[in-house]
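Please model the entire structure based on the sequences and the hints provided.
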Amino acid sequence: MRAFVVAVFAFLYLPIALVVLFSFNAGHHASEFTGFSTQWYGKALSNPFLVEALKNSLIIATTSALLAAFCGTAAALGLQRVGARTRALFEALLGAAIVVPGVVIGISTLVALVQLFAVVNPFLASLWPADQPPRLSLGYGSIIAAHGLFSMALVTMIVGTRLSSLDRNLVEASSDLYATPLTTFRAIVLPQIMPAVIAGFLLAFTFSFDDFIVAFFVAGAQTTLPIYVFASIRRGVTPEINAVATIVLAASVLLVLLAQWQLGRRKPSP
Amino acid sequence: MRGTRFRKNLVTALLLAPAALWLIVFLVLPFIAIAIFSVGERAPEGGYQAALTFAQYANLPARANAFWNTMVLAPVGALGCLLVAYPVAYYLALRAPQRWRLILLALIVIPFWTSLLMRTYAWLYILGGRGIPALLAYVGIEDLRLINTPGAVLLGIVYGYLPLMILPIYVSLERLDRRLLEASADLGATPLSTFIGVTLRLSLPGVMTGFSLVMILLLGEYLIPTLLGGGKVFFIGNALVDLFLQSRNWPFGSAIAITLVLVSVVVLILANRISTRLSGARRVDLI
Chain A
1 MRAFVVAVFA
11 FLYLPIALVV
21 LFSFNAGHHA
31 SEFTGFSTQW
41 YGKALSNPFL
51 VEALKNSLII
61 ATTSALLAAF
71 CGTAAALGLQ
81 RVGARTRALF
91 EALLGAAIVV
101 PGVVIGISTL
111 VALVQLFAVV
121 NPFLASLWPA
131 DQPPRLSLGY
141 GSIIAAHGLF
151 SMALVTMIVG
161 TRLSSLDRNL
171 VEASSDLYAT
181 PLTTFRAIVL
191 PQIMPAVIAG
201 FLLAFTFSFD
211 DFIVAFFVAG
221 AQTTLPIYVF
231 ASIRRGVTPE
241 INAVATIVLA
251 ASVLLVLLAQ
261 WQLGRRKPSP
Chain B
1 MRGTRFRKNL
11 VTALLLAPAA
21 LWLIVFLVLP
31 FIAIAIFSVG
41 ERAPEGGYQA
51 ALTFAQYANL
61 PARANAFWNT
71 MVLAPVGALG
81 CLLVAYPVAY
91 YLALRAPQRW
101 RLILLALIVI
111 PFWTSLLMRT
121 YAWLYILGGR
131 GIPALLAYVG
141 IEDLRLINTP
151 GAVLLGIVYG
161 YLPLMILPIY
171 VSLERLDRRL
181 LEASADLGAT
191 PLSTFIGVTL
201 RLSLPGVMTG
211 FSLVMILLLG
221 EYLIPTLLGG
231 GKVFFIGNAL
241 VDLFLQSRNW
251 PFGSAIAITL
261 VLVSVVVLIL
271 ANRISTRLSG
281 ARRVDLI
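Chains A and B are the protein sequences, given in the same order.
Here this note's numbering is used: position 120 in the first sequence is 120, and no number is missing along the way.
Here this note's numbering is used: position 126 in the second sequence is 126, and no number is missing along the way.
Calculated from the structure, these hints are not laboratory results.
Be a bit skeptical, because a hint or two may be false.
Derived Cβ-Cβ restraints for the label pairs, each shown as a range [as the list claims (entries may be wrong)]: (1) A/26 to B/230: 21 to 31 Å; (2) B/139 to A/48: 45 to 55 Å; (3) B/32 to A/140: 19 to 29 Å; (4) B/49 to A/121: 11 to 21 Å; (5) A/166 to B/6: 23 to 33 Å; (6) B/62 to A/26: 45 to 55 Å; (7) B/49 to A/26: 53 to 63 Å; (8) B/232 to A/247: 28 to 38 Å; (9) A/59 to B/277: 45 to 55 Å; (10) B/109 to A/91: 23 to 33 Å.
Built from N, CA and C at the ideal position, the CB exists for glycine as well.
The structure is reproduced here in structure tokens:
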């Protein structure tokens, strides 16, 4: 059995190791290792399209994860204060946001937004005095919203789990000592749920940064890093793409470890 | 008194409002939109034209190939994951040295949280012309085609979703009461019948959780069949991308999307039923 387990670990890490190895390939060919070089990292980082896609991905992932962390935490707190029925309905919707396949989230968002734009844009144009009225279109906004939906549901669940294991005695003691609800929240509740919020943010960021399929539908003219990488792969894998993949893999490993560490923290730091 | 109650309700409403708005605008309304689209017609220049017809649903057999591939490869892929995952989860939960357990578990989880796109295209090296086929050519097996086959897609599926299968099984095995194993042995059961009657049986809820998670995600898979199936192994996800972004037949695509969601719901309900039967089912956190 041990041999089998070792083989499975090899199976899990061999492809990743190959990508990293070939990113340091001196030669042009993606499948023949001809020597060690870091030139492809330089080439990747001086490719304007790639850098633009990376920048877009960073902006989108940060914004959607921030929004998700904020709204998700608020929702988790709010759900503690409502009746069982409202709570069940809300949680069913959150579950749906997580379970519905990404392709369906992508197309339904696309369909709904295009429909909405068809109504709103002529209306805006009729109100606008100048020649160039503002036009709503697919892009940053739609990707951020679609990514944030899933992430927000995830944050609500993570923070909700944390809240349900919160020490109620501390909250009661705090109000017995005449602290205002806001003070109690700031001094007692927030420090305890903060690790969960941060973990949720980091996971949301990772998800958004990695997502291809949802963005593929709602990106409009924008390009994110996974969309760029996908398009490049279809033309043939290059060492440049391997360099980007290695950077992304390293960064996501770092983020996951950070998230795990935050979730594992039992007590807030002083 | 009434004032504070009002204020309390207001705070609750304000806390829930952003998330509720998000869920309504980007989940509920879009879903209603594709439901409406699915009974419409394709406009001559592509897109949607209002109508009330079930022609799109009647037309589903036109994409039978995608449905067939998905309905075969998703459960087979999930089963493949299960066969590889079970021994690993078993080893991690019951055999691995205590101090190695968490490290090994982390090593399993890390790939799952890194980009599936980047991990999947790595297989293009291994399965492609200069990978395994080149190695096999040395020993005389020529012209073996691995890439762009259902087998390659299956391999990609097992590779991509393995961590998701290992985790819930590990959790249910880890919570297993070891005294039951001893009791079984004391009562004269052979190791094999202890395994089947106690270990395997008590880990079934974890197996169910893993299986349904992987199944649900596979139903909407797009990347693996595209990259490793080379446009020959169509999944429902591929059909949707094709219908919405290339042929711009939105009503037909919507009908397929609705069907996909319904199938997912059926799978979830079935999985739930079975899990409840296998009493003691526990939900598993994936992170």
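Verification of the hints:
At roughly 29 Å, the beta carbons of residue 26 of chain A and residue 230 of chain B sit within the given window of 21 to 31 Å. Distance hint for residue 139 of chain B and residue 48 of chain A: a CB-CB separation of about 46 Å, consistent with the stated range 45 to 55 Å. For the hinted restraint 19 to 29 Å between residue 32 of chain B and residue 140 of chain A, the CB-CB distance of approximately 25 Å keeps it satisfied. At roughly 19 Å, the beta carbons of residue 49 of chain B and residue 121 of chain A sit within the given window of 11 to 21 Å.
Range check, residue 166 of chain A to residue 6 of chain B: about 26 Å between beta-carbon atoms, so the 23 to 33 Å window is met. For residue 62 of chain B and residue 26 of chain A, the hinted distance range of 45 to 55 Å is satisfied, since their beta carbons lie about 50 Å from each other. Residue 49 of chain B and residue 26 of chain A have their C-beta atoms about 56 Å apart, which keeps the hinted 53 to 63 Å range intact. Checked against the hint of 28 to 38 Å, the C-beta distance between residue 232 of chain B and residue 247 of chain A comes to roughly 32 Å, which is consistent with it.
Evaluation of the 45 to 55 Å hint for residue 59 of chain A and residue 277 of chain B yields a pass: the beta carbon distance comes to about 48 Å. Checked against the given bound of 23 to 33 Å, the beta carbons of residue 109 of chain B and residue 91 of chain A, roughly 25 Å apart, stay inside it.
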